[in-house]
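Protein chains in written order, with the working numbering: chain L, 1 to 311; chain G, 312 to 636.
Where hints are given, some of them may not hold.
BS3-like, lysine-lysine: derived pairs with alpha carbons at most 27 Å apart [as the list claims (entries may be wrong)]: (1) G/Lys511 <-> L/Lys130; (2) G/Lys600 <-> G/Lys589; (3) G/Lys589 <-> G/Lys601; (4) L/Lys237 <-> L/Lys69; (5) L/Lys130 <-> G/Lys417; (6) L/Lys111 <-> G/Lys447; (7) L/Lys48 <-> L/Lys185; (8) L/Lys130 <-> L/Lys237; (9) G/Lys600 <-> G/Lys447; (10) G/Lys368 <-> G/Lys447; (11) G/Lys511 <-> L/Lys206; (12) L/Lys48 <-> G/Lys633; (13) L/Lys185 <-> G/Lys633; (14) G/Lys368 <-> G/Lys589; (15) G/Lys368 <-> G/Lys600; (16) G/Lys417 <-> L/Lys111; (17) L/Lys69 <-> L/Lys22; (18) L/Lys22 <-> L/Lys48; (19) L/Lys111 <-> L/Lys130; (20) G/Lys496 <-> G/Lys511; (21) L/Lys69 <-> L/Lys113; (22) L/Lys69 <-> L/Lys111; (23) G/Lys601 <-> G/Lys368; (24) G/Lys496 <-> L/Lys130; (25) L/Lys206 <-> L/Lys185; (26) L/Lys113 <-> L/Lys130; (27) G/Lys496 <-> L/Lys206.
In case anyone wonders, no lab produced these hints; they're calculated from the structure.
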Amino acid sequence: MTDARTPALSLGPVYYLWDGPKWRDFYFRIADEAPVEHVTLGETVCSKRQHFTEPHVAEVVERLEAAGKTVTLSTLAMVTLERESRHVRDLIGDSDHPVEANDLSALGLVKDKAHSIGPLVNVYNAVTAKVLAARGAENICLPPELPMNSIERILQEMPGFSFEIFAFGRMPLAISARCAHARSKGLSKDNCQFICGQEPDGLPLKTLDRQSFLVLNGVQTMSNSCVVLLDELAALKAAGIARVRLSPQDCDMVAVAVLYRAVLDGQMESEEAIRRLAGIYPGVDFSNGFFHQREGAAWIARGRNAAMGHG
Amino acid sequence: MELICPAGTPSAFREAVDAGADAVYCGFRDETNARNFPGLNFSRPELRESIGYARSKAVQTFVALNTFMRAGSEALWYQAADDAVALGADALILADFGLMAYVAEKYPDQRLHVSVQASASNRDAIRFLVEAFGAKRVVLPRILTVQDIARLTRQIDCEVEVFAFGGLCVMAEGRCSLSSYATGKSPNMNGVCSPASHVKYRQDGDTMVSELGAYTINRFGPDEASGYPTLCKGRFEIGDAHGYAFEDPVSLDVVDQLDALREAGVSALKIEGRQRGKAYVAEVVSSMKKALAAPASERNALVARLRSMSEGQRTTAGAYDKRWR
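Okay, chain L solo, but in the shape it has when bound (with noise of 0.2 Å):
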């Protein structure tokens, strides 16, 4: 057990199409090496995609629970089917894991049971978040666009509240009805031969002057750069963050684990973390722009003021 100003490490949902020996194979993984407290799993970003992962999902949380990590049940992005409604409800009503809200519709549901507010939900100031606490929600992801004066502030107007940051992965920047992964393919949402699992890191979208920028996921965009806020870890720490979550991406997420644990409990220097971390996860710019009030894809680099890789 950590003490309870040592953040906690929550690995999020995978947001990528994994196929399901992968998935169920990343999670056994998870459970008996990483050193992360909190997870949370189950499909997100894509209604259609539910079946990979379903039949391995009680496995998986057999296996993390037997490690003792608490296990949350993630909830769709983006319900707009009378079949995404009627998912939601099932497993908001029939689990006895707590979910994570992550639309307006869970928001809905999950009154009267223990839930976490997911990054995709708005939560820009300390009045929603006292809006959401007040119905019930015991951690809030806060948006990985929020800036480190926002995050401060909500903290300090809710003192010993769960809040969590995103602190590595690429950025859920957007999602839509339309799936630009399958057009890009030339396919359509309702016809996509679910060829978004091709990626399982996602489809780079880059500038037609050459500049890495977007991966497409399905109908989510993500950045192109991974947010590595390792530098600002002390600083979340003070400021009284609970958890610090990873991303799930398609790298050694158990060696990322392990480097944020690091840092945070002391034992490692930030910068030697980084230098490692781009060893683990190569060829993948490294951002934190959103924290420090900047574009979202700069990088600053600790001790000075120059943005950098726009790659």
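Model the placement of chain G on the given structure of chain L, informed by the hints.
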């Protein structure tokens, strides 16, 4: 169906009223609304005068306070809500739960409309907003088909307003940080998307390059008309292919779906375009008003000119048509 019309200036407001709007929506000249563009929007005295004019013609005024309150600066949004209520706004259009809670508690009799920026796309979401904040109307995000809308209106105790004409968000509204990823300025936090302050045009040989922040959004050959670099309407490279990855530079146009939307139980049609000039507003409002009253067979002729005034001179039914997905 009511026709809800945009006004970015007092003169556009007057044009919209005169052209037959049932309600006009507008915002204050600051970051409390999602069209926070230079030279646009209303001072308090301007809003007072505009509401007075609308009243004299039995037209309603909706005030959009549809950005998310910046932590620590909530007073700016509260003051805007207080002023809009005091000036006689017929409805406030809100996106932030915290602001909804403030208005619902302080002004329980004030009509509260849920902005498209809140992204309420299904019955459970809307029931939550009705139960928690007494919402009377919800503006639906542009991610639903007409069939989805028809099903939804039967399941909720809340009026539904949908976008009918003008700019088209490709992404679910209020859930998009693409603009701030490239520029640091977003619809949710600053009331702007792909802001002009971060736009550059650069000539590269005979190619015109449009940039947003550090990123190329499009490259136009000598025979192409160049357009504004709205991020989600840009051309990009995926694998070996180049193209409009999210959406072509087109506008929304549901004139062909008017009867279907009416039958679906839609209460109001919203026209986008607070950033457009008063001549555009007058033309689009009067044409849409005529189209609503005309038989389906005559509508195309009534709106033909409008379509030529649209972004990219081309229009789409967007998500209202299932095939758009």
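Going through the hints against the structure:
1. G/Lys511 <-> L/Lys130: Roughly 41 Å between the alpha carbons, so the hint for G/Lys511 and L/Lys130 is violated.
2. G/Lys600 <-> G/Lys589: Since the Cα atoms of G/Lys600 and G/Lys589 sit roughly 16 Å apart, the hinted pair holds (cutoff 27 Å).
3. G/Lys589 <-> G/Lys601: Cα-Cα ~18 Å, so holds.
4. L/Lys237 <-> L/Lys69: 21 Å, holds
5. L/Lys130 <-> G/Lys417: 17 Å, holds
6. L/Lys111 <-> G/Lys447: 21 Å, holds
7. L/Lys48 <-> L/Lys185: 17 Å, holds
8. L/Lys130 <-> L/Lys237: Holds, at roughly 21 Å.
9. G/Lys600 <-> G/Lys447: Roughly 24 Å between the alpha carbons, so the hint for G/Lys600 and G/Lys447 holds.
10. G/Lys368 <-> G/Lys447: Distance ~23 Å between G/Lys368 and G/Lys447 Cα, so the pair holds.
11. G/Lys511 <-> L/Lys206: Distance of about 18 Å is within 27 Å: holds.
12. L/Lys48 <-> G/Lys633: 16 Å, holds
13. L/Lys185 <-> G/Lys633: 18 Å, holds
14. G/Lys368 <-> G/Lys589: 18 Å, holds
15. G/Lys368 <-> G/Lys600: 16 Å, holds
16. G/Lys417 <-> L/Lys111: Holds - the C-alpha atoms of L/Lys111 and G/Lys417 are around 23 Å apart, at most 27 Å.
17. L/Lys69 <-> L/Lys22: Holds. L/Lys69 to L/Lys22 sits at ~20 Å (cutoff 27 Å).
18. L/Lys22 <-> L/Lys48: 18 Å, holds
19. L/Lys111 <-> L/Lys130: Judged against 27 Å, a Cα distance of about 14 Å means the pair holds.
20. G/Lys496 <-> G/Lys511: 16 Å, holds
21. L/Lys69 <-> L/Lys113: It holds: about 20 Å lies between the C-alpha atoms, which stays within 27 Å.
22. L/Lys69 <-> L/Lys111: Given pair L/Lys69, L/Lys111 holds - Cα atoms ~24 Å apart, limit 27 Å.
23. G/Lys601 <-> G/Lys368: 18 Å, holds
24. G/Lys496 <-> L/Lys130: 26 Å, holds
25. L/Lys206 <-> L/Lys185: 16 Å, holds
26. L/Lys113 <-> L/Lys130: 17 Å, holds
27. G/Lys496 <-> L/Lys206: At roughly 21 Å apart (the allowed maximum being 27 Å), L/Lys206 and G/Lys496 satisfy the hint.
Checked against the numbered hints listed earlier, the structure breaks hint 1 alone; every other hint is satisfied.
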